[in-house]
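Participant: Here are the chains, one letter per residue:
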Amino acid sequence: ETGVTQTPRHLVMGMTNKKSLKCEQHLGHNAMYWYKQSAKKPLELMFVYNFKEQTENNSVPSRFSPECPNSSHLFLHLHTLQPEDSALYLCASRAQGPNTEAFFGQGTRLTVV
Amino acid sequence: AQTVTQSQPEMSVQEAETVTLSCTYDTSENNYYLFWYKQPPSRQMILVIRQEAYKQQNATENRFSVNFQKAAKSFSLKISDSQLGDTAMYFCAFMKLGAGSYQLTFGKGTKLSVIP
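Top to bottom, those sequences are chains A and B.
If you're matching positions, the first sequence starts at -15 in the numbering used here and goes up one per residue.
If you're matching positions, the second sequence starts at 22 in the numbering used here and goes up one per residue.
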């Protein structure tokens, strides 16, 4: 266990549904990240939050909407997704500073039907 | 922008043998970190080893060591005495230093299978 917890582990949703992914850490980290992991592609950084402020939005479509209510929680709200959005969504957190590793959650396996 | 290339999509190694996974990267930065992460079937990414670019000495962590060639922009991972639990996807990652959010850029990964 890395201390980063993601729920749900698996999610199947229709293209017209609205759902949310949750990430939680109580490691005292101030930076949190959403990554998308698709087969045979590098992990794609989606969003970065530092001290609850979004500092990066890596050209992610608006059907993905992040929310960071506090330093311990990160959400990814999903609506009107496409089948190509099916992937493993990974959350990570880090303490501030360069010499700190990122801790990852186990991911949410999302299938859009 | 930085890119990370892992040219070996899949590899296999006999238990107790040694295997080397390759990674090259492209950057104009001088200060950065390099990482190897392991993702077992449980899906949780775990840090294996890290290397600071300003350090010439190669990092080692028990059975894991790296061969860092800064001029060649190469960062390979050597696993000695391979164990069945080493079966996983291995990702090479780059992080540039400086103001900002310290983003990790990952390669596509190498799937390693340890054969009994």
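Possibly wrong hints are sitting among the right ones.
Said to hold, decoys possible - Calculated cross-link-like contacts (lysine-lysine; reagent style BS3-like; alpha-carbon spacing at most 30 Å): (1) B:K132 with A:K20; (2) A:K20 with A:K36; (3) A:K20 with B:K117; (4) B:K99 with B:K76; (5) B:K94 with B:K117; (6) B:K132 with B:K94; (7) B:K132 with B:K91; (8) B:K132 with A:K2; (9) B:K99 with B:K129; (10) A:K25 with B:K117; (11) A:K20 with B:K94; (12) B:K94 with A:K6; (13) A:K36 with B:K117; (14) B:K129 with A:K3.
To be verified - Heads up, incomplete: computed chain B residues facing chain A, CB under 8 Å, no partners named: (15) Q65; (16) I67; (17) I70; (18) R84; (19) Y123; (20) K129.
Unchecked claim - Sample of chain A residues at the chain B side, in silico, Cβ under 8 Å: (21) T(-14); (22) G(-13); (23) M(-3); (24) K20; (25) M30; (26) K36; (27) T64; (28) L74; (29) R78; (30) E85.
Hint data in this document are derived by calculation from the structure and do not stem from the laboratory.
Since we're looking at a predicted model, the values are computed, not measured.
Beta carbons are placed, not taken as given, at the ideal position from N, Cα and C, and that holds for glycine.
Participant: Against chain B, run the beta carbon of R78 (chain A) and see if the smallest gap drops under 8 Å.
Facilitator: holds (7 Å)
Participant: Between the alpha carbons of K129 (chain B) and K3 (chain A), is the straight-line distance 30 Å or under?
Facilitator: holds (28 Å)
Participant: Tell me if R84 (chain B) is really an interface residue toward chain A, meaning its C-beta lies closer than 8 Å to one of theirs.
Facilitator: Hint on R84 (chain B): violated, closest Cβ of chain A at ~19 Å, above 8 Å.
Participant: For a C-alpha distance cap of 30 Å, please report whether K132 (chain B) and K94 (chain B) respect it.
Facilitator: holds (22 Å)
Participant: With a cut-off of 8 Å, does the beta carbon of L74 (chain A) approach a beta carbon of chain B closely enough for the hint to hold?
Facilitator: holds (7 Å)
Participant: Can the restraint linking K25 (chain A) and K117 (chain B) be considered satisfied, given a maximum Cα separation of 30 Å?
Facilitator: holds (21 Å)
Participant: Can we keep the M(-3) (chain A) interface hint, with Cβ of chain B closer than 8 Å?
Facilitator: Hint on M(-3) (chain A): violated, closest Cβ of chain B at ~19 Å, above 8 Å.
Participant: Would the pair K20 (chain A) and K36 (chain A) pass a check requiring their Cα atoms to be no farther apart than 30 Å?
Facilitator: This hinted pair holds, its Cα atoms lying about 20 Å apart.
Participant: Given the hinted pair K132 (chain B) and K91 (chain B), is their alpha-carbon gap at most 30 Å?
Facilitator: Holds, at about 25 Å.
Participant: Going by Cβ atoms only, is K20 (chain A) closer than 8 Å to chain B?
Facilitator: Since the shortest Cβ distance to chain B is 11 Å, the answer is violated.
Participant: Answer holds if the nearest beta-carbon of chain A is closer than 8 Å to that of Q65 (chain B); otherwise answer violated.
Facilitator: It holds, given that the least Cβ distance between Q65 (chain B) and chain A is near 5 Å, below 8 Å.
Participant: Would you settle whether the hint for G(-13) (chain A) is holds or violated, based on the nearest Cβ-Cβ distance to chain B being less than 8 Å?
Facilitator: violated (11 Å)
In the structure shown, a violation is registered for the earlier hints numbered 8, 12, 17, 18, 22, 23, 24, 25, 26, 27, in ascending order.
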